[in-house]
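Student: With chain A's structure known, arrange chain B on it following the hints.
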Amino acid sequence: MALLQISEPGMSTAPHQHRLAVGIDLGTTNSLVASVRSGIARVLDDIQGRSLVPSVVRYHADGKVEVGFEAQIRQSDDPHNTIVSVKRFMGRSLADLGDPGRFPYKFVDAPGMVQLQTAAGNKSPVEVSADILKVLRDRAERSLGGDLVGAVITVPAYFDDAQRQATKDAAKLAGLNILRLLNEPTAAAIAYGLDNAAEGVYAVYDLGGGTFDVSILKLTRGLFEVLSTNGDSALGGDDFDQRVFCWIVEQSRLTPLNAKDTRLLLTRAREAKEQLTEHDEARITALLSTGELVDLNLTTAKFNEITANLVSKTLAPTRKALRDAGLAADEVKGVVMVGGATRMPCIRHAVGEFFGQTPLTNLDPDKVVALGAAMQADVLAGNRKQDDDWLLLDVIPLSLGLETMGGLTEKVIPRNTTIPVARAQEFTTFKDGQTAMSFHVVQGERELVSDCRSLAKFELRGIPPMVAGAARIRVTFQVDADGLLSVSARELGTGIEAAITVKPSYGLSDDEIAGMLNDANAFAEEDMKARALNEQRVDGNSLVQATRAALEQDGEALLSLEERAAIRAGIADLEQRIAAEDHLAIKRAVESLNEATGDFAARRMDASVKKALRGHKLNEL
Amino acid sequence: MSITVTDKAAKHISNFLGKRGKGIGLRLGVRTTGCSGMAYKLEFVDEEQGEDVRFDSNGVTVFVDPKSLPYLDGMELDFAREGLNEGFKFNNPNVKNMCGCGESFNV
Numbered sequence: 046m047a048l049l050q051i052s053e054p055g056m057s058t059a060p061h062q063h064r065l066a067v068g069i070d071l072g073t074t075n076s077l078v079a080s081v082r083s084g085i086a087r088v089l090d091d092i093q094g095r096s097l098v099p100s101v102v103r104y105h106a107d108g109k110v111e112v113g114f115e116a117q118i119r120q121s122d123d124p125h126n127t128i129v130s131v132k133r134f135m136g137r138s139l140a141d142l143g144d145p146g147r148f149p150y151k152f153v154d155a156p157g158m159v160q161l162q163t164a165a166g167n168k169s170p171v172e173v174s175a176d177i178l179k180v181l182r183d184r185a186e187r188s189l190g191g192d193l194v195g196a197v198i199t200v201p202a203y204f205d206d207a208q209r210q211a212t213k214d215a216a217k218l219a220g221l222n223i224l225r226l227l228n229e230p231t232a233a234a235i236a237y238g239l240d241n242a243a244e245g246v247y248a249v250y251d252l253g254g255g256t257f258d259v260s261i262l263k264l265t266r267g268l269f270e271v272l273s274t275n276g277d278s279a280l281g282g283d284d285f286d287q288r289v290f291c292w293i294v295e296q297s298r299l300t301p302l303n304a305k306d307t308r309l310l311l312t313r314a315r316e317a318k319e320q321l322t323e324h325d326e327a328r329i330t331a332l333l334s335t336g337e338l339v340d341l342n343l344t345t346a347k348f349n350e351i352t353a354n355l356v357s358k359t360l361a362p363t364r365k366a367l368r369d370a371g372l373a374a375d376e377v378k379g380v381v382m383v384g385g386a387t388r389m390p391c392i393r394h395a396v397g398e399f400f401g402q403t404p405l406t407n408l409d410p411d412k413v414v415a416l417g418a419a420m421q422a423d424v425l426a427g428n429r430k431q432d433d434d435w436l437l438l439d440v441i442p443l444s445l446g447l448e449t450m451g452g453l454t455e456k457v458i459p460r461n462t463t464i465p466v467a468r469a470q471e472f473t474t475f476k477d478g479q480t481a482m483s484f485h486v487v488q489g490e491r492e493l494v495s496d497c498r499s500l501a502k503f504e505l506r507g508i509p510p511m512v513a514g515a516a517r518i519r520v521t522f523q524v525d526a527d528g529l530l531s532v533s534a535r536e537l538g539t540g541i542e543a544a545i546t547v548k549p550s551y552g553l554s555d556d557e558i559a560g561m562l563n564d565a566n567a568f569a570e571e572d573m574k575a576r577a578l579n580e581q582r583v584d585g586n587s588l589v590q591a592t593r594a595a596l597e598q599d600g601e602a603l604l605s606l607e608e609r610a611a612i613r614a615g616i617a618d619l620e621q622r623i624a625a626e627d628h629l630a631i632k633r634a635v636e637s638l639n640e641a642t643g644d645f646a647a648r649r650m651d652a653s654v655k656k657a658l659r660g661h662k663l664n665e666l
Numbered sequence: 008m009s010i011t012v013t014d015k016a017a018k019h020i021s022n023f024l025g026k027r028g029k030g031i032g033l034r035l036g037v038r039t040t041g042c043s044g045m046a047y048k049l050e051f052v053d054e055e056q057g058e059d060v061r062f063d064s065n066g067v068t069v070f071v072d073p074k075s076l077p078y079l080d081g082m083e084l085d086f087a088r089e090g091l092n093e094g095f096k097f098n099n100p101n102v103k104n105m106c107g108c109g110e111s112f113n114v
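Sequences listed follow chains A and B, in order. The first sequence begins at 46 in this note's numbering and counts up one residue at a time. The second sequence begins at 8 in this note's numbering and counts up one residue at a time.
None of these hints come from the bench; they were simulated from the model. Just to be clear, a hint being listed does not mean it is correct.
Partner residues aside, some chain B positions facing chain A, computed with beta carbon under 7 angstroms [stated by the list, open to error]:
#1 Asp14
#2 Ala17
#3 Phe23
#4 Arg27
#5 Val60
#6 Phe62
#7 Phe95
Every value quoted in this text rests on a predicted model; they were computed, and no experiment measured them. Built from N, CA and C at the ideal position, the CB exists for glycine as well.
Just chain A, with the same shape it has in the complex (with noise of 0.2 angstroms):
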């Protein structure tokens, strides 16, 4: 027997056609699936009750490939083939990235966009990303019982293009349709309801596990404007158990730590530290494989005192957010604090200090990325209906325009536009004579090409001579709902076009995915077979179930010595079969213990039809 969840009214689906989404926070440290049901949004967990999986993927030279937990705790051993935090290297080049050296990964130059070295070959984030976005799709699949319509995943607010293609690119890999990319701080804020709230200036302060970002956001008529960000992409709550850690060892005048001691004091200071959420107080004790012994007592007081400048290091870029917005702490209306390192009370006190007001905490600051994602992506599979007030608007967050002539940005649209939109604006030849034009893309808010980000470029061929300054050419930017661009150019005198859709440089082709599809389909039977297993078995389990409590209710009334016998015999058949591995085997036991009880169940609907008109007339009915 299918599980049936509680629908809006006049919206139940007919049956197999349930209209399931699921809203996917893709965190650099930790990742989450939510999904509305009956009503209500919710993280869901894996079978161990565990709601976050790491963000960390290991691969194996054979091509297997570990997500998550089991990832996360082989990272010491095997770190060049264990991949975290690979949100960073999203679209991002070699030369985007700074110094690599900081990574402990070889990585690859490859056109556009990194790839990195691990023993199952070459890996490009998109498919590193894929590989946890799999595991996420997985749980929620088996979850919500059936296939999903559609997801709904965050981005950061500040992600370019490049960055939001490669995450469109990471869900198609990994068999997800995208509903929407959605910014992560509005994802939080429509978690806390406040598209349904007051219009004004919201902030969302989210400090997660090794990143912080701050955004100002705007309200006006259900749509949020993402005003202005700013952050520190190496502030984290990892920083603050660094800090306990450095005490600690200072503290016992402890030598030079090997790796293990070290992994086991930096526990230690994290759980010191969220101790200190609830307490005053933390006893961190530990015996050492020198045969050292820590045994220490940390007060609340000590450890404000040294996290002090960490907590100040996520106000300057908050002052700096509201100062590019033009605002004022005091013109703020709300405050969504995200990430758990929120958790922290002196965060929350020092947030609450700088915008003169106590911040919303009432949700899971772990999950309410993920559950605003999921509530979006239940309005856009169709499950409520549009009287609901839920608008479904989101602009784009920066400024797409054009390089012209020396070197400088034209705007075509300005960020914050509401999207889907199109623009267009016209252009001309600079030469006299010009045949040819080249057009190229960019994103940002400088002045300078060369301080914002190329998307793409094109050239539009067979303009006719003419003096310079007289063709008309005509450039269009469309951005559809998803925030993906797409530019054409057309000279207006003869009808000549170019077009392209910003594929962003980083350059994954079409062909490029497919391939990576297809080597995701070598792995395909095997996950279709475990699959049938699993369905055939629970309808092996239902079947006996339900025929069990059949037999018992009315077996002796209806049944002939006989008749339960075999009856009985097919159940224990189909039990068998439901231990071993074949599906096949299962299906023609569920068949047959079908067939031998039809009688039986036409029998019993008999008996119940005689017992409901008993004493009824049939107009009654």
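Tutor: Then chain B, alone, in the frame of chain A:
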């Protein structure tokens, strides 16, 4: 005529209704569709329809339209967990056979 809701199902329904912030109960119904002829309908109710028959069970109000009632009479709504999945289950004495997934049935 009776329709009942188990303790477990009632607890989940009250929780869902509470978090949803509006709604007066639950609508159960059948529709003719699906691979075995009929399918269940399970929806929140914001306002009662004219001809609805009401049942109260374990603190939950269940609304059933009169056309669906003969197919649902005597049934019990339960909440169950199967592996990672969880949801509502119709224990319906009127059902003769179901399609493999149990989402549609005939009587």
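Student: Now, for every hint given, state plainly whether the structure supports it.
Tutor: Hint check:
| no. | hint | verdict |
| --- | --- | --- |
| 1 | Asp14 | violated (17 angstroms) |
| 2 | Ala17 | violated (13 angstroms) |
| 3 | Phe23 | holds (5 angstroms) |
| 4 | Arg27 | holds (4 angstroms) |
| 5 | Val60 | violated (13 angstroms) |
| 6 | Phe62 | violated (16 angstroms) |
| 7 | Phe95 | holds (5 angstroms) |
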